[in-house]
Each structure stands twice: as C-alpha cells, then as structure tokens.
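Asks: The task is to assemble the complex, starting from two chains supplied on their own in separate frames and drawing on the hints.
The listed protein sequences derive, respectively, from chains A and B.
Here the first sequence stands for residues 1 to 349, where the numbers follow the working numbering.
Here the second sequence stands for residues 1 to 470, where the numbers follow the working numbering.
Please keep in mind that the hints were generated in silico from the structure rather than gathered at the bench.
Here the structure is a predicted model, which means the values were calculated and not measured.
Check the hints yourself; a few may be wrong.
[As the list claims (entries may be wrong)] Distance condition first, Cα-Cα at most 30 angstroms in a straight line; then the derived BS3-like pairs of lysine-lysine:
(1) A/K315 with B/K61
(2) B/K317 with B/K297
(3) A/K30 with B/K420
(4) B/K123 with A/K345
(5) A/K80 with B/K123
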Amino acid sequence: MGQEIKILQIVSMTMLGLLFILFLYLIVRKTIEIKENKYIQQKVDRLKMPIIRYLQWGKAMELESIELSEKRLDKVALEKILSHFSEMIEGTEEENRLQKIANLYLKSYYLKNLQAWSWSKRMNVLYKIEDFHMEELEEAVVQKLNGSRKISVEEKIQIYRILSSFQYEAIVSLLIQDESLTEKEYRSMLIRLNMDLFHSLLSSFSECREALQLAILDVMSLRKKIDHIDFLENTFHMYSGEVRVRALKAISSVGFVSNIAPYITLSHSTVWEERMMLAKLLGITKNSDYLPILRELIHDSSWWVRSQAAESIIKYKQGKEVLQDILDYSKDVFAKDMALEWLNKGAIE
Amino acid sequence: MIYEWWSTAVQYFALFIAIYMVIIILFYSTILFISMIQLRREYRLNREDVYDDLTNEMYTKPVSIIVPAYNEEAGIIPSVRSLLSINYPEYEVIVVNDGSKDATLQKMIEYYDMMKVEKVIRKQVDTSAIKGIYQSKVLPKLYMVDKENGGKADALNVGLNFSHFPYICSLDGDSVLERDAFLKVMKPIMDSNEEVIASGGSIRIANGCKIKDGQVLEIGLSNRPLVVMQIIEYLRAFLMGRIGLSRHNLLLIISGAFGVFSKKWVIKAGGYQTNTVGEDMELVIKIHRLLKESKEKKKIVYIPDPVCWTEVPEEMKILKRQRRRWHRGLFESLWNHKQLSFNPKYGKIGLISFPYFWLIEFMGPIVELLGYLYTIIALFFGGIYLEFAILIFLLSCIYGSIFSMAAVLLEEWSLRKYPKTSHIVTLFFYSLTETFWYRPLTVLWRCEGIWQLIRGEKSWGDMSRKGVSE
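Pulled out of the complex, with its shape left as it was, chain B reads as follows (with noise of 0.2 angstroms):
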C-alpha cells in the first residue's frame, strides 16, 4: 500500500518535472521563432549605408558616456582610448574615479594630460562626495570625476549629474566597444523619435580575440572550454532570447555593459540603485513602472548588432562566484518589484516578463536540479522510474544542447561575427555537449545562489580582471 502510494507520488514529481520542462521549451521555441524572423529581415543590408546617412546628419543626439572605474588601471587607458576614437558625431566621455586604491587616477591624468577644472555639477540624484573634476587638455571632450568610493550604481550617478548631454550610456571600464557601435545603438532611438527610451546593444566575449589599444583586430575563439561555453550561452541569450522579449517590448534587462538611456528618464527612476548587485536590471525595472504609472507609450529595446567585447572569467572557481551572485542579483530585482508579478496593471511586464523571470529564470535550476537527481536515483531503481528519466533527460537534451545549437546556427545565419569556418564547427559541437556538463555545472551554482539567499549570506566576491587589451 504504502509502496503503491510512493510510486504514484513519484511519478506525479517526475511528470511535473517533465511538464514544466515542455513549458519551457515551448516557450523559448516561440522567443526562438520571433528572433529568427526579426534577424532574417535585416540579414546582409549594407550596413555602412544604413549609418552614413546619420553620420552625415547633424542632429544626431549628443551622448555622454559614463565609465565607472574602481581598480582599473590595468585597463582603464586602452578601454578610454577606443571610446576616444568611436565613430560618432558629438559625444563626451566621463570616467568616475571611484576611490580606487590603485594608480587608476594618476595614470589617467598622466596619460591623458588632465587638469582639474572648477565645473557645475547639476546635483539630480544624491551621490557620496566628489573630490575633484578633470578634463584633458589634449581632448576636450575627455572628462574625469574623482569621488569618495560608493560603489558602481553610486559612480553611475555621479556620472549622470555632471553629464551634459541628454542620453547617457554606461560603460564598463574593461570592455571594447567597436567603432560603429553607438550609431548602431543610437539608431532607434533617433529612428522612433523618442519614442524608445532605451537601447542596448549585444556583449560578446572577448577572451580569445586579438585586441591592440582598444580596438578588435581579429575575432577569435578561446580554446579554454569553459569561455567556449560562455560564448555559446551569451549568443543564446543575447540572439534567442532578448531579440524576442525586445520585439514585444519585454525586456527587463540592458546589460549594465553597454546600453543608452535617455537621461530624463533615468533621472525620473532616481538613478541607479546603490544597495543592489542588479543595478542595471533594477533600473530598467523601475523605467517600465514610471512607463506604465504614467500611461506613456515607450519602448525599450534591444538591438542585436553593435557590439561589446568584454572579458569573461576563465577559472572554474570566478565564474561559480558570478553566476551566485547574478542569480541572487535576479533575485532582488524581482522582489523589490515583486508587486509587478502576474498583476494585470502592468499590462505585458506584469504577466508575461515578470513570470518569466520568476518561473523560467528563477526557479528554472531548483527544478532541473531535481531532474537531474531524479534522472540518477531512477538509474538504480528502473522499471517505471526508468522511463520517466528517459523522458527528463531527452527534454533537457532538448532544452541544453538543441537550443544551444539552434543559437550557433542563428548567429552564422544573420550576423556572422566569426570569420573562420572552423569557428563555427567547434562552437557547434561544443553546443552538442552542453547538457552533459555545463548546464548542470551552471544550474548548479545558480542553486547554491539560492541557497545563499536563504542562508542570508551577503558577499558579492571580486572579479579579478587581467585586461582584455595587449
């Protein structure tokens, strides 16, 4: 009796495993198919001429970007110096000295020529204190903020109060942007005429491409597995995922990496948030509300093309950390704004983004976790259990490698960053593997995100940088 009564309940577990699993992936077959036909459109325009009708326009928006830097100095000179020769009309670039403890300041102003200016901060959002301004005198536009450290959301704002333009983009200091970006990300906002308010573009990884002073010079791939998968997963998420949520004005996130804001409406959502890993999912959160208390219709999108090269972590150990904290940065964002969750007055964001981030991303790794240890315990059991973990691991099968796949062929299909065949051979059959070992390892961390939460733990951890530029 009781065996009869364990079996079915077991069963009734397992299936519910399997039915989440096929919501899942139908849902990302749907994201999959929307990507798919909104990349196709665009696939092999010129794009030089698309841009040089902007570039030719005077009345592209000015931007000021905001390079928040804490410890930076093995990066900081080359990350500027491609920011200094990006192809736009008129733009300003402001580094946030956040109290580094190294030579982040001295090198800047020794290599840039600086000096302290006396300049009007527009006080708009509270920050720590500032020490002093900076501007170069060989390139005008090159400005330098030194503060008391507050962290990356708090050197954002500062950011932001001293701009002087309307549309900001923050920027990390280790990451290289190539030269058309920002027209390419200022696009649709030009386009729409104002009427989308944010835009971010694509993050790429950097390890493994040849980059001098700044700048991209071939693309390559890492031959550690573990950035070879990272690869796979920023693809997959950037092309499968965001292009879809994008096209139905979805999105809750702009990777902190590289995306534009229009300055009024950052100022309107307070700034950055300082007490959160998740500053950048945070804000976006926050624009939406303000969007839909206020009744307006704007948009916030995400563009596939310009892209962000940034560094990676290659150790085991560095990426555990990151993708801990990422998950418990999820986490916050999600329940300071928990009252958008399946509410009908957020429109779309409340029950289609919100549930998503909750019940796919979130929740997502308990429950293939328990696949997969229901998968091994059934290995011992058999029979009936048997079946059931022939049915999980083919769905996982599907939703690891398959996807993974599907996203390698999506990126050659439309905008082939890669140049070499063989490139696309080994991303692809890196892909084939992915279920067997770094999904579990990645489902893993994000669960011991979790259990950090529920034990309250509150370290972030460092992330040790090397520098991508030679």
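Looking at chain A on its own, in the form it has when it is part of the complex (with noise of 0.2 angstroms):
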C-alpha cells in the first residue's frame, strides 16, 4: 500500500512541476508577446503617415524616409497596415504601389517563412500573399504545389486561390484536374478568374466533375451576365439531376430567357426546386397570359413554391387585385395566407 502511494506522489508532484513550468513559461511568452505588441504598435503609429502617403500620392519620397529594420517585429508591423489599408483602397494604382511596398519589404520574409515549420505560420504568409496580390511570389508558390514536401489541404487550397486571383494559365487545367474539391471549394476558385480563364473553362464542361460543373452554374447566377444564357439554356435542356436545377436557378438569376415557352412544362415538375424556379422566371417575364400557371402555382403543396409564386403575382399590374381574388374565393386555407402575407408586405421594406 505505501508503495502505491510513494508512486501516486510522485506522480502528483510531477504532474504539478510540469504544469508549474509550462505555466511559468506561458507567462513569460505572454508578458514578451504583450511588450511586442507595443513595440508593434507604436511602430505601426509611427509608418502609417508615410505609408498613406505613398499610397495616395506615390511619393517615392516617402518611401525612403521609412524606417524598417529587417527585425521581424517591423515586418509584423508593416505587415499590419498593409493589411488594414489592402481591404480599403481602390483603384489600380494605389494597389500597384501598395504591392511594391509589400515586394520590396515583405518578399524575403515570406519566402522563408513559406518553408516554416509550423502549418499556421505558412497559412498566414498565403493569406497575406493573395491580399497584396505579391505576383512574384507566384513561382514560389507554384513550386510548393509541385514540391517534394507534403502540403495540407487547407495549403492546396489556398495556393489555388491565389492562383485564380492571379489568373494564372494553368489553374483551368488544375481545377479540372483535381479530384478531391468541395463544389464550395471550386467556387471561391472560379469566383476569382476573369472571363477569358471562366470561358476557357467552359468549353470542357462536359468533363468537369459535377461539383465543378454546379460551382460553375453557381458563379453565373452570381455574374448575372446575359452572355452565358445560350449555355444556360442548353445545360438546362441537355442534364438532368442536379445540374438542371442548378442551370435552371442561374437562368432564373440571370432574369432573362430567350422564349418562355418551353419552360411551362416544369409546372408539373416532380422537383419542387423546378417549380419554383418557373414561378420566379414567370415573374421576370411578366407576360400576364401565365398568370393563370402563377395561380396554379400558388396553391403548390410546397412552401417555397406558394411563397415565391405569391412574390411573382405582386410584381405583376394587376397582381394585388390576383392576390386579393385568391384571399376572397380560394379554397386552399395555405394558398389564402401566402396570399394575405403577400398583400401586406408592402407596409415594411
């Protein structure tokens, strides 16, 4: 028993000593890292000025009078503003000049820190690379995705996205090549290419994995571009599944069809994803013959379908006297209280 207890003791006192040293070097860490911050921040009061003004105004001037040592807390500190003022400018000036400053005083100490040891410290140097648009880096971090060294998912990522926002030519054919991409994934991708890139992407289609085919439909209902419509259109009569809704919701967003008529079968559509987009696209086309299909539509066995059938019937002329004749004379209780819901809405937004 006694030995039990020698050992229980001794494993008790260690446990305390362990937790009293990384206690003890916690503080420490926390009382320098406070100080640092200091330091940082005063030295980021003291480089905003000129750095404003450079931006503003290309002062080379300015530039030189920055005093920056190569200590990594200066870098920090640089690093610091930079980021505050690349989510506020405009103009492709400023950002050009802010993209020298990052090149001229950051590129080294990326470089090296793209090799850290530790995951979030090279996350953070890829973040920052996409924010300053460092287009020099882009080597660097092409050779990462081809290294010889493991990268992480969330690295991958990353490097893909910069790769979009730098349109770099090969990101089609990697993007295409992929196999282990979210559909959410791909879209904060495409998202960043320009139109020639999208459109060079477009014409292999067919072969593109579904996530990518739905991230690329997605990213056309949020361009709103009339151009893609005749893709639209004939993704929309050539797929089914998943694709077709997707097509569909990006037509629909879009707010323009060539010629109505061959979407009127969806009515009766299986999907109530279907109806509910042919509610939403009649309401676009406001051609008051489909009205008759809207109100059909209004008493639809789905939520969504009801809702967005009543949204269309309110953007019609004479909509609020259709709505008005559905709460009178209606017999569906579920087609009366869209109906009603529709009326008021005016009063708010």
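Replies: Shown next as structure tokens:
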C-alpha cells in the first residue's frame, strides 16, 4: 500500500511540477508578447502616415523615409498596416504601390515563412500573398504545389485561390484535374477568375466533375451576365438532376430567357425546386398570359413554391387584385395565407 | 472476527473509490490529450483571413436567430442590439416574447419601432397560441412574436415555426455575442458541405468584463472567488471536455445559450421538448438517435473559438439552485433515452457517450462525496485507513486541481482571450485551490440534486438576472 501512495505522490508532484514549468513559460511568453505588441503598435503609429502618403500620391521620397529594419517585429508592423489598407484602397495605381511596398520589404520574409515548420505560419503567408497580390511570389507558390514536401489540403486550396486571382494560365487544368475539391471550394476559386479564363473552362464543361459543374453554374448565377444565357439554356436542356436545377437557377438569376414556352411544362415537374424556378421566371417575364399558371402554383404543396408564386404575382401590374381574388375566393387555406402575407408585405421593406 | 471482516469491507470500499477515480482520471487525460492536439493545430492562425473568404462568399447560409425572452426587460434591448451588429451576410432575429409579465414587449416595440404585421407561420411543431407578430420598421430583419407563456422550449418552437431560413440558432436573451461568432460557428457547416448539421460555440463568463451596448469592450475577471471558480470550470468543460468529445462525434450537449442547428433536423426531431429543463441536451440526443436510426453519416460539432459571453450567478444560494437543477436535467435527458445506454446499436453514442454521462457525470458526485466522507472519517481512525485516505486525497487533487490548472494553461496556450498576465496568474492559483473548497461544494450540490430526484421534487427555482450590459 505504502508503495502505491509513494508512486501516486511522485506522479502528482511531477504533474504539478510540469504544470508549474508550463505556467512559467506561458507567463513569460505572455509578458514578452505584450511588450512586443506595444512595440509593434508604436511602429505602426510611426509608419502609418508615410505609407498613406506614398499610397495616395506615390511620393517615392516618403518610401525612403520609412525606417524598417530586418527585425521580425518591424515586418509584422508593416504587414499590419498593409493588411489594413489592402481592404480599403481602390484604384489600380494605389494597388500597384501597395504591391511594390510588399515586394520590397516583405518578399524575402515571406519566402522564408513559406517554408516554415508551423502550419499556421505558412497559411498566414499564403493569405497575405493573395491580399497584397504579390505576383512576384507566384513561382514560389507554384513550386510549393509541385514540391517534394507534402502540403495540407488547406494550403493547396489557398494556393489554388492565389493562382486564380493571379489569373495563372494553368489553373484551369489544375482545377479540372483535381479530384478532391468540394463545390464550395471550386466556387471560391472560380469567382476570382477573369472572363477569359472562365470561358476557357466552359469548353471542357462536359468533362468536369459534378462539383465543378455546379460551381460553374453557381458562379454564373452570381455574375448575372447575359452572355451566359445560351450556355445555360443548353445545359438545362441537355443535363438532368442537380445540374439541371442549378442551370435553371442561374437562368432565373440572370433574369432573361429567349423564350419562356419550353419552361412552362415545369409547372408539373416532380421536383419542387423546378416549380419554384418557373414561378420565379414567370415573375420576370410578366406576361399576363401566364398568370393562370402562377395562380396554380400558389396552390402548390410546397411552401417555397407558394411563396415564390405570390412574390411573382405581386410583380404584375394587376398582381394585387389577383392576390386579393385568391384571398377572397380560394378554398385553399395555405394559398390564402400566402396571398394575405404578400398583400401585407408592402408595409415594410 | 467481526472487526476483521469490517476492516476488509472498508478497505474494499476505499479501493473501489480509488479505482473509480483512477478510471475517471485516465478518461479525462485522454480527452485532454485529444483537445491539445486539436487546439494546437489552429494555433495562431490569422483568423480574420480565414473568415474573410466566407463573408465575401454570397453563398453563406442564412440563419434565423431565435431569442426566447421571458421577463427580460433588463437585458433584451442591448442583447438584440448586439445581434443586429454581428458580422454575417444574411440573418434574421426573432425575439419570442413568452408571455412576459414585465415590459419586455413594450420596450421592444418602442425602442425598435415595431409594428404589427400579418405573416404566415408554417406550423411544423405544436406550440401554445400566438398573440401577434411584429416587425421593426427601421430594421426589417428584426421580428418579434408575442405568445402566451409556455416556457423556453415552447418559445423556441414558436421561433422555429416562424423562421424563414434553413439554419436556426437559439440564443439566451441575456448574453452577448462576439461580432464574428456566427461566421465561426457556421464555418464547419459550410465547409463540410452540410455533413455537419449542428454546431455549438463556447460559453464564457461575462461577470467582470466591461460590456456596453451589447459589445464586449474589455475582457476581465470578476473579483468574486465564486465567479473566478466558475470561469475555470467553464474553461475546463469547454476546452477540455467538449473538444475531445466533438472530435469523435460524441457530443451530447450543445449549449442552449449558443448553438446553430439545421432546421430540417430539429423539425425531424419534433422541435424542442417542452416538459424538461434540459431541452438543449434533449434535442442533441434526439438528433443523434435519428441519425443512427436512419443510418445517416452526419456530425454534431463544437468549436472553441466563437464565444458567447453570459452572466453566471454570483451568490452561493443561486449557484446551488442552478447546479441542483442542471443535475436533475442531466438525469431526465439520460433517463428519457435510457435505451441508448450501453446499446451497441447506437455505436459510439451508446457505448461511450452514454456510459460517460451516466458513470462519470451523473454518478461521479456520489462517489466523490463518499470519498470525502471516507477521508474525513479515516482521519479519526488512522492506521491502515489513513493510507487509503491519502491515496484518495491525492487522486482528488489530480482530478480537481491539476486538471483545472491544465485547462487554464490550455486556454493561454491556444485561444488566449484574457489580455493581461495577471489574469492568467489569478486563474492559475485559484484553480490550485479547487480541490479544497469549490469542488466539494459543487459535488455536494449535485448530490442534493440527486436527493431531490429521489424525493420527487419538481420546482426548478428562478435565476435572478441583473443584465450584463451597463
């Protein structure tokens, strides 16, 4: 028994000892960090004005007056200022100047950190490379992708994003070849591409994985560009399932169809999303020949379809009267509720 | 002869307590280890950058925030204001006035310029009657539903029926969210492509922080020992316990104070259960059951970083009531789903989570109390008994103080919400004292909860609030 107690005493004393050592370490670290942050803040305060002046008016003199040593803290201070401005500035000239400062003072620091042992350090650099648009580091980033050292998924995704916003030629084939990205990840890359690269992707649409196809369609829905309409209509007619629904969604978001007639049959579709999209398209067309279909759709079994139908009806010139009519004469309680809600909607919004 | 028999029995009893504690300690050590790895990975990532991408994405999932309010006139205005200023692309705030007897309704109507509107409510879960729906004229995404009193769960269900968006978040009327909390808590849901169907954030203690207009201005520590101990306790529960459990999809609790759920699943589970105190735990267990029964591979996760600041009791008397109530709530939820316990059909939930909650969370206080009693009595008898007493005492030091100290260090190692060195020093030394006063107190209160259960008491007791905002 005495033996066990001794062992336990030793165990708890060791644990306590370890905790105290860890405690001291963390306390020292925190104290140092508070001091460092103070230094960084002072540096930021001192550098801010010259940098603003340079960014705004491009006075190179100002740039020379910047006192920046090779110390890590100085780099951090500069990074802080640039991050702050990179969110705010507009105009290519200002952006170019920001890139210039970043390249001048941060490039070597970043090159070193790209190889850092800690994952978060590497990730932070990757984010900053994109924020400051440091195209001079493009090569280093591409190399990381093909390097011998294995990179994490998060790094790969961020690298793809960087290459997309740099409009790197080979990004399209990288995206097509990748087997593991999710729809959302694809979307975050596609949204960064310019029109040319985006179009070059469309030619191989049929060979893409479904996740990529869906992302392409969603990006079209976001961009609302009328030039995509032919592509979208073709896709809608040729594909089935989710791709078809998304194409339809994109069409209704662009808000234009060359001819509504082929879509009318959707009012009997078994997929509620398709019925809802039709209701939405009819709200855009505003051709009163189709009001009876909307009246039918406001009696739909799906809440979403009813809601969309009511929203579309109210867009018509005689919309209010139609809804009032439904409210007064319809036998369907759900349709009546919906009509009532949309008639009252005008009050707020 | 009898003496010998007695002595052996007592020794076996002590041995049982000791072994039980060793098992608990091993279990917690494992969890601590998992948490450390998990927290370390994201250490010092520039978090704004990660979420930047989400705010820019127009595809963030819209969320309906439901705030049940019963007699919350003291805190409802700043609470709602803090919600209206959160950083999230699309959301609506639904305050559900649960038949308050004070001026909650009038205050809201006046302050936010609300008017009565006609709205359709999809009745997907049964609730008590609704008296009226209001919408703010200045902030159209702010709604208030006035209903007859039916309790918190019933109010949440009304909000659930009323909500327009596919994700819902329940939030206590008297808590304050950090601005980016929603982005952070929604991130796993969006990243996982809807494999994650519920996610919860951390609850931290607002007593002692400077809060104005629903924003945390300065994080601080209260100077009341009882509050400081609760801070440590929360750190321990969230940073150590939940991260570890969440890693393996073993989570049975997502705090009612701050959690996001996929509405589809909440409705499948029949909404919030109205006749229990632990409606939050009840819901999570029910969703887990549905998942197992329908063989879907979905996850429920906890993320340490997004923080909701909330007020905790400062008085011994109220804290005691709260702990008794929690313990009874825990029992109710476990008992309602007792068929899951040790049931291999429910996988890890049945074989690890449930046994953990039964044997460690629920029964733990009884064994610990027996341990304390044994230690005290052994002091008078001395000899062989004393050795066991020392053994048990050492074990409870490890269990009580050392784990708490580790939790404080874990916080400083990873999330580092406390700005001053002195905060950490205070927390660390307070946690050293846990075994000697706070732990025995909570153990006693929880045992009282069990005693109330046995006697069949039903009253829950009120918690008086003073409002966190200045």
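Asks: Now, for every hint given, state plainly whether the structure supports it.
Replies: These are the hints, each one checked on the structure:
no. : hint               : verdict
1   : A/K315 with B/K61  : holds, 26 angstroms
2   : B/K317 with B/K297 : violated, 44 angstroms
3   : A/K30 with B/K420  : holds, 8 angstroms
4   : B/K123 with A/K345 : holds, 20 angstroms
5   : A/K80 with B/K123  : violated, 51 angstroms
Going down the numbered hints, you'll see the structure goes against 2, 5, while the others check out.
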